[in-house]
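Here's the letter readout for the chains.
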Amino acid sequence: MSDGKKIIQIQKNIYDDNDRLAAEIKTELASKRISLINILGTPGCGKTTFLIGISKYLKDKKILVIEGDLESDIDTVKLNSLGIDSFQINTHGGCHLDAVMIEKALNSINDKDYDIIFIENVGNLICTNEYDLGETKRVLLTTVTEGSDKPYKYPYIFEKADAVVINKIDLLPYVQFDEDFFKKGIRHVNPTSPIFKLSSLRDEGTEPFVDWLKKGL
Amino acid sequence: MQVRAITKVTIVVGEDTGFMGDSIQFYFDRHAAYTIAAGAKLEIRFVRAKLRCPACGTLFERKRFEFACPDCGSDGVPSEIGKECYIENIEIEEEEKS
Numbered sequence: 001m002s003d004g005k006k007i008i009q010i011q012k013n014i015y016d017d018n019d020r021l022a023a024e025i026k027t028e029l030a031s032k033r034i035s036l037i038n039i040l041g042t043p044g045c046g047k048t049t050f051l052i053g054i055s056k057y058l059k060d061k062k063i064l065v066i067e068g069d070l071e072s073d074i075d076t077v078k079l080n081s082l083g084i085d086s087f088q089i090n091t092h093g094g095c096h097l098d099a100v101m102i103e104k105a106l107n108s109i110n111d112k113d114y115d116i117i118f119i120e121n122v123g124n125l126i127c128t129n130e131y132d133l134g135e136t137k138r139v140l141l142t143t144v145t146e147g148s149d150k151p152y153k154y155p156y157i158f159e160k161a162d163a164v165v166i167n168k169i170d171l172l173p174y175v176q177f178d179e180d181f182f183k184k185g186i187r188h189v190n191p192t193s194p195i196f197k198l199s200s201l202r203d204e205g206t207e208p209f210v211d212w213l214k215k216g217l
Numbered sequence: 001m002q003v004r005a006i007t008k009v010t011i012v013v014g015e016d017t018g019f020m021g022d023s024i025q026f027y028f029d030r031h032a033a034y035t036i037a038a039g040a041k042l043e044i045r046f047v048r049a050k051l052r053c054p055a056c057g058t059l060f061e062r063k064r065f066e067f068a069c070p071d072c073g074s075d076g077v078p079s080e081i082g083k084e085c086y087i088e089n090i091e092i093e094e095e096e097k098s
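Residue numbers (my numbering), protein chains in the order written: chain F, 1 to 217; chain W, 1 to 98.
Rather than coming from a laboratory, the hints here were simulated on the basis of the structure. We treat Cβ as the ideally placed atom computed from N, Cα and C, and that holds for glycine. Don't take every hint at face value.
Restricting the straight-line Cα-Cα distance to at most 20 angstroms, the calculated cross-link-like pairs of lysine to any residue (SDA-like) are [unchecked claim]:
#1 K6/F - A32/W
#2 K5/F - E43/W
#3 K153/F - D75/W
#4 K83/W - K183/F
#5 K153/F - R62/W
#6 K150/F - E66/W
#7 K153/F - E88/W
#8 K63/W - D149/F
#9 K12/F - E88/W
#10 K83/W - K5/F
#11 K160/F - D75/W
#12 K12/F - E80/W
#13 K153/F - A68/W
#14 K50/W - K6/F
#15 K8/W - D149/F
#16 K50/W - E130/F
#17 K183/F - T136/F
#18 K6/F - G39/W
#19 K5/F - Y27/W
#20 K5/F - F67/W
#21 K63/W - H188/F
#22 K6/F - M1/W
#23 K5/F - R4/W
#24 K41/W - I8/F
#25 K12/F - A32/W
#26 K12/F - F46/W
#27 K150/F - E96/W
#28 K41/W - I7/F
#29 K6/F - I36/W
#30 K160/F - S79/W
#31 K12/F - D75/W
#32 K6/F - K83/W
#33 K12/F - V9/W
#34 K97/W - G4/F
#35 K12/F - I87/W
#36 K12/F - A40/W
A few chain F residues that don't get close to chain W, going by computed Cβ distances all over 10 angstroms [to be verified]:
#37 T49
#38 E159
#39 V210
Sequences and hints are given; from them, build the entire structure.
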């Protein structure tokens with residue numbers, strides 16, 4: 001061009017670098033027959049209790065939990081005290097985990113002989129959804145206490161979930177939760193993923209979820 | 001090729017990404033400062049999200065609080081349209097050959 005200007009086509013997704021690394025993680029773990037399960041949900045929805053709950057049904061599997069929190073090692077201390085291997089990532093203010101953090105965590109773990117690695121993501125329904133971590137399955141944990149309008153307000157995270165779990169159903173008598181409305185909202189954005197109802201604290205309804213999980217390993 | 005300056009960056013942003021034009025501009029200016037992209041014009045191509053009708057295949061923009069397909073009335077499901085987030089191209093100035 002006479003004015004010395006030139007257009008260069010880029011066509012590169014903003015998440016390209018993350019997604020490429022996530023794909024590498026996925027391939028690497030698949031070759032070792034390790035399943036990576038990304039657990040997402042709000043702060044306080046019971047992700048750690050849920051993991052403790054399902055671990056009782058996974059005695060025949062060697063499992064590890066990668067814990068994502070802004071600060072503290074409260075969850076890893078708790079899991080380790082129960083005999084569940086866990087590894088802490090602190091994001092120091094970051095609102096989500098990304099593939100770089102997962103790769104680094106996987107490289108730091110000496111024993112690679114796991115069947116399932118769970119990732120307990122940072123409690124958040126927005127940013128966590130944008131980052132592929134190389135997971136085999138993505139599980140969204142919700143609760144009856146969050147309100148049945150959540151799929152309408154945060155549709156994107158429901159859209160990408162491979163399974164939606166409604167936790168804390170033991171609290172149903174005490175809260176207003178319109179299950180039909182909630183499920184209708186999920187089906188608008190995600191017509192096929194299974195929806196499970198359970199109470200991790202009371203160990204109610206855990207088995208159907210574990211059966212689904214095991215089928216996908 | 002020696003690049004003297006990046007004079008324009010065109011990005012494509014879908015409605016469903018949740019990214020706001022003003023915010024992107026703000027951070028672009030901050031990050032571009034003191035680089036060869038300083039002062040570059042940022043052009044944002046905004047893409048409205050569309051649902052796909054599973055019954056008849058129509059792609060449509062949904063009305064607020066509604067999912068119904070305008071052609072057949074079935075409820076639409078999310079499509080890829082509206083999830084874009086990429087740099088389409090950059091305009092550069094080359095170093096003059098000496």
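A quick look at each hint next to the structure:
Distance check on the hinted pair: K6/F and A32/W sit about 19 angstroms apart at the alpha-carbon level, within 20 angstroms; holds. This hinted pair checks out: K5/F and E43/W have alpha carbons roughly 16 angstroms apart, not beyond 20 angstroms. Restraint check for K153/F and D75/W: satisfied, since their Cα atoms lie roughly 18 angstroms apart, inside the 20 angstroms limit. A distance of roughly 23 angstroms separates the Cα atoms of K83/W and K183/F; the hinted pair therefore is violated under the 20 angstroms criterion.
In summary, the hint linking K153/F to R62/W is supported, as the alpha carbons are separated by about 15 angstroms, within the 20 angstroms threshold. Between K150/F and E66/W the CA atoms are separated by roughly 16 angstroms; this keeps the pair inside 20 angstroms, and the hint holds. Pair hint K153/F plus E88/W does not hold up; C-alpha atoms about 30 angstroms apart against a cutoff of 20 angstroms. Distance hint between K63/W and D149/F is fulfilled; the C-alpha atoms sit about 18 angstroms from each other, no more than 20 angstroms.
With a CA separation close to 7 angstroms, the supplied pair K12/F and E88/W stays within the 20 angstroms bound. Distance hint between K83/W and K5/F is unfulfilled; the C-alpha atoms sit about 30 angstroms from each other, more than 20 angstroms. Using a Cα cut-off of 20 angstroms, the hinted pair K160/F and D75/W holds, with the two alpha carbons roughly 18 angstroms apart. Using a Cα cut-off of 20 angstroms, the hinted pair K12/F and E80/W holds, with the two alpha carbons roughly 16 angstroms apart.
Of the supplied pair hints, the one linking K153/F and A68/W holds, its CA atoms being roughly 18 angstroms apart against a limit of 20 angstroms. A hinted pair counts as satisfied when its Cα atoms are at most 20 angstroms apart, and K50/W with K6/F does not qualify at roughly 33 angstroms. At most 20 angstroms may separate the alpha-carbon atoms for a hinted pair to count; K8/W and D149/F exceed this at roughly 42 angstroms. Distance restraint check for K50/W and E130/F: the Cα-Cα separation of roughly 19 angstroms lies within the 20 angstroms cut-off, and the hinted pair is therefore satisfied.
Simply put, K183/F and T136/F have alpha-carbon atoms about 24 angstroms apart, too far for the 20 angstroms limit, and the pair is violated. About 17 angstroms separates the Cα atoms of K6/F and G39/W, which keeps this hinted pair within 20 angstroms; it holds. Taking the CA atoms of K5/F and Y27/W, the gap is about 25 angstroms. The hint is violated against a cut of 20 angstroms. Distance check on the hinted pair: K5/F and F67/W sit about 45 angstroms apart at the alpha-carbon level, beyond 20 angstroms; violated.
At most 20 angstroms may separate the alpha-carbon atoms for a hinted pair to count; K63/W and H188/F meet this at roughly 14 angstroms. The straight-line distance between the Cα atoms of K6/F and M1/W is roughly 11 angstroms, inside the 20 angstroms bound, and the hint therefore holds. The suggested pairing of K5/F with R4/W holds, with an alpha-carbon distance near 10 angstroms, which does not exceed 20 angstroms. For the hint linking K41/W to I8/F, the alpha-carbon distance of about 15 angstroms falls within 20 angstroms, and the restraint holds.
Only pairs whose Cα atoms come within 20 angstroms are accepted, and K12/F paired with A32/W is accepted, the gap being roughly 18 angstroms. Under the criterion of a C-alpha separation no larger than 20 angstroms, the hint pairing K12/F with F46/W is consistent with the structure, at around 16 angstroms. Under the criterion of a C-alpha separation no larger than 20 angstroms, the hint pairing K150/F with E96/W is inconsistent with the structure, at around 57 angstroms. With a C-alpha separation of about 13 angstroms, the suggested pairing of K41/W with I7/F holds against the 20 angstroms cut-off.
With a CA separation close to 15 angstroms, the supplied pair K6/F and I36/W stays within the 20 angstroms bound. Distance restraint check for K160/F and S79/W: the Cα-Cα separation of roughly 12 angstroms lies within the 20 angstroms cut-off, and the hinted pair is therefore satisfied. Our distance criterion of 20 angstroms between C-alpha atoms is broken by K12/F and D75/W, whose separation comes to about 32 angstroms. For a cut-off of 20 angstroms, the pair hint linking K6/F to K83/W is broken: about 28 angstroms separates their Cα positions.
A hinted pair counts as satisfied when its Cα atoms are at most 20 angstroms apart, and K12/F with V9/W qualifies at roughly 12 angstroms. Only pairs whose Cα atoms come within 20 angstroms are accepted, and K97/W paired with G4/F is accepted, the gap being roughly 10 angstroms. Restraint check for K12/F and I87/W: the C-alpha separation of about 6 angstroms stays at or below 20 angstroms, so the hint holds. Annotation: proposed proximity of K12/F to A40/W holds, straight-line Cα distance about 19 angstroms (limit 20 angstroms).
Every CB of chain W lies more than 10 angstroms from the CB of T49/F, the least distance being 30 angstroms, so the non-interface label holds. Here E159/F does not stay apart from chain W, with its beta-carbon only about 5 angstroms from theirs, under the 10 angstroms limit. Non-interface status of V210/F relative to chain W is upheld: no Cβ of that chain comes within 10 angstroms, the nearest being about 28 angstroms off.
The structure shown violates the earlier hints numbered 4, 7, 10, 14, 15, 17, 19, 20, 27, 31, 32, 38.
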